[in-house]
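These protein sequences, in sequence, are chains W and H. Just so you know, the first sequence maps onto residues 0 to 301 in numbering that gives the first Met the number 0. Just so you know, the second sequence maps onto residues 0 to 301 in numbering that gives the first Met the number 0.
FYI, nobody ran anything at the bench for these hints, they're computed from the structure. The beta-carbon is built from N, C-alpha and C at its ideal position, and this holds for glycine as well. It is possible that part of the hints are untrue.
To be verified - Distance ranges between label pairs, derived from CB positions:
#1 R151(W) to E279(H): 35 to 41 Å
#2 A54(W) to R194(H): 45 to 51 Å
#3 K143(W) to R194(H): 35 to 41 Å
What the hints assert, rightly or not - Partial list, derived from the structure: chain H residues whose beta carbon lies under 8 Å from chain W:
#4 L77
#5 A118
#6 Y139
#7 D140
#8 G141
#9 S166
#10 G198
Number of protein chains: 2
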Amino acid sequence: MRIDALVRSIRDMKNPTALGLDTRMGYVPDDFARSFMGCGSPEAGRAAAVYAFNASLLAGLNGIIPCVKVQAAYYEMLGPEGMVCLQKTLDEARRLGYVVIIDAKRGDIGATAEAYSAAYIGDSAPFPADFITVNPYLGYDGVKPFIDDCERTGRGIFTLVKTSNPSSGEFQDLAAFDGRPFYDHVADRVAEWGRNLVGEEGYSSVCAVVGATYPVQGAELRRRLPGTFFLLPGYGAQGASAKDLAGCFDKSGCGAIVAASRSLICAYKKNPGHASNFVEAARNEALRMKAEIFKVLHDVVG
Amino acid sequence: MRIDALVRSIRDMKNPTALGLDTRMGYVPDDFARSFMGCGSPEAGRAAAVYAFNASLLAGLNGIIPCVKVQAAYYEMLGPEGMVCLQKTLDEARRLGYVVIIDAKRGDIGATAEAYSAAYIGDSAPFPADFITVNPYLGYDGVKPFIDDCERTGRGIFTLVKTSNPSSGEFQDLAAFDGRPFYDHVADRVAEWGRNLVGEEGYSSVCAVVGATYPVQGAELRRRLPGTFFLLPGYGAQGASAKDLAGCFDKSGCGAIVAASRSLICAYKKNPGHASNFVEAARNEALRMKAEIFKVLHDVVG
Chain W
0 MRIDALVRSI
10 RDMKNPTALG
20 LDTRMGYVPD
30 DFARSFMGCG
40 SPEAGRAAAV
50 YAFNASLLAG
60 LNGIIPCVKV
70 QAAYYEMLGP
80 EGMVCLQKTL
90 DEARRLGYVV
100 IIDAKRGDIG
110 ATAEAYSAAY
120 IGDSAPFPAD
130 FITVNPYLGY
140 DGVKPFIDDC
150 ERTGRGIFTL
160 VKTSNPSSGE
170 FQDLAAFDGR
180 PFYDHVADRV
190 AEWGRNLVGE
200 EGYSSVCAVV
210 GATYPVQGAE
220 LRRRLPGTFF
230 LLPGYGAQGA
240 SAKDLAGCFD
250 KSGCGAIVAA
260 SRSLICAYKK
270 NPGHASNFVE
280 AARNEALRMK
290 AEIFKVLHDV
300 VG
Chain H
0 MRIDALVRSI
10 RDMKNPTALG
20 LDTRMGYVPD
30 DFARSFMGCG
40 SPEAGRAAAV
50 YAFNASLLAG
60 LNGIIPCVKV
70 QAAYYEMLGP
80 EGMVCLQKTL
90 DEARRLGYVV
100 IIDAKRGDIG
110 ATAEAYSAAY
120 IGDSAPFPAD
130 FITVNPYLGY
140 DGVKPFIDDC
150 ERTGRGIFTL
160 VKTSNPSSGE
170 FQDLAAFDGR
180 PFYDHVADRV
190 AEWGRNLVGE
200 EGYSSVCAVV
210 GATYPVQGAE
220 LRRRLPGTFF
230 LLPGYGAQGA
240 SAKDLAGCFD
250 KSGCGAIVAA
260 SRSLICAYKK
270 NPGHASNFVE
280 AARNEALRMK
290 AEIFKVLHDV
300 VG
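In isolation and in its complexed conformation, chain W is listed as follows:
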């Protein structure tokens, strides 16, 4: 099961970090991007530049970071050429041994959810990932096709529970009849959906997205969902610090992975004279981040 692979890979590298390839054109250094322009259409040039940027980062961070999270939106906005770039990025990440999450936040009625699942975590998915993020708004029959594929293929899903954005509380924190926030009810169901898909490492293939920007809620969810693995977005550019993450891990420092995108892939921007060293800048930031998280987890785990 890919959830076991994820847990073990994090443990081996001592690094619960996912490299977020949310690659906008504006993130690719100008000089680097320029060399891809002029060959083919502007769209093809942009997609080629993004792919080369991603591939450089994947090569440079291999062995340091165990997991990659690829944000579908940035590839869709580049058109069909962007989707080729998405496909190549996913393929390259898997070839290098990363555990790969496609952050697509899909959710639809049953028949359509089946098609989405086939696209990303099915047996012959054209955009193959180990995990996909899923939106629970439509309820169980919109999630079941993904879970069915998880059962068959050993892949997994991360269901949105409490997201990292500023207005995530607007609906997610709305008090239900019993006084508990809405996301809590979603959390209960996520735990239930995953009950029969627990791997050897004690975590289910049905995982949850929990924003690192809400540390109190995260810690509370950690206590209530002991068998659910968390993806924690919001670290770095979105404002969450390493300290905010601690409560989302279990007592052995496992059970969660921190997504970091801009802070890694745009690390070179802090030293603008050296844009060509974007891989080195990302490596340095990845190692700094790893040490920072490790220290906090060590303090917590004791």
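The hints should help you fit chain H onto chain W, whose structure is shown.
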């Protein structure tokens, strides 16, 4: 504004129907599909068959049906070639004068929602549609980038409120602190988000998805959201009848559009000997459906 174009086009054709191009390979008649195989890769053959099927339906239903709803999932599952097919389908539908909805149910944090909006309803969207369906789970900052684009481009969104699937009640009907279902709170916010984007025909560019399979809730939402235009999925194959739709329209028989996919594009399957006449079968079913809805609306409007 495209919402005005939608309302007027429905009125001109006296037909509040959206052709749902949820085109699975299994929906394309075998003989028709076969002629596209063998030229290029299997993926390219499948995508070419789907596009040709869509284009035939678009040509055959032009002037009868005012609007097309294209379900993104079925194109994503065909890989990058499917995304070319999606692009060509959207282009062809717009060229023929249809109002075009991309049913993608996207929703993400602000920066990412911006990218999704750019992909589908931005100024130079690679997959250009007049409207996109949006998932509200992340709250306002996940929807605002779409609304900003609506303001600038005159396009629109359909926000999920109460979906048509069997388990839509699992979260959407959960009672909030005030006893009202969760989707009701979403509905309030959708109306608010759209307040400054009302067109000449009295409806806002910020529209709502309301499942035709829940007629009581639909009628209640119609009363509470007089300025919100509804997309009604669930008619036909999903089980809703014309009678179920009536309460979702306003007093003049306007304010909503019924999505029908399988019942139209697979109409030929009721007469298996005549698969080559899939366009004619769809036309006949479209006219039957139009008459059926017209009758119900006439009875209601009086």
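We went through each hint and held it up to the structure:
1. R151(W) to E279(H): 35 to 41 Å: Given about 40 Å between the Cβ atoms, the range holds.
2. A54(W) to R194(H): 45 to 51 Å: 46 Å, holds
3. K143(W) to R194(H): 35 to 41 Å: 37 Å, holds
4. L77: 7 Å, holds
5. A118: 4 Å, holds
6. Y139: Status holds, d = 5 Å.
7. D140: Since chain W brings a Cβ to about 4 Å from D140(H), closer than 8 Å, the hint holds.
8. G141: With Cβ-Cβ at 6 Å, under 8 Å, it holds.
9. S166: 4 Å, holds
10. G198: Since the shortest Cβ distance to chain W is 26 Å, the answer is violated.
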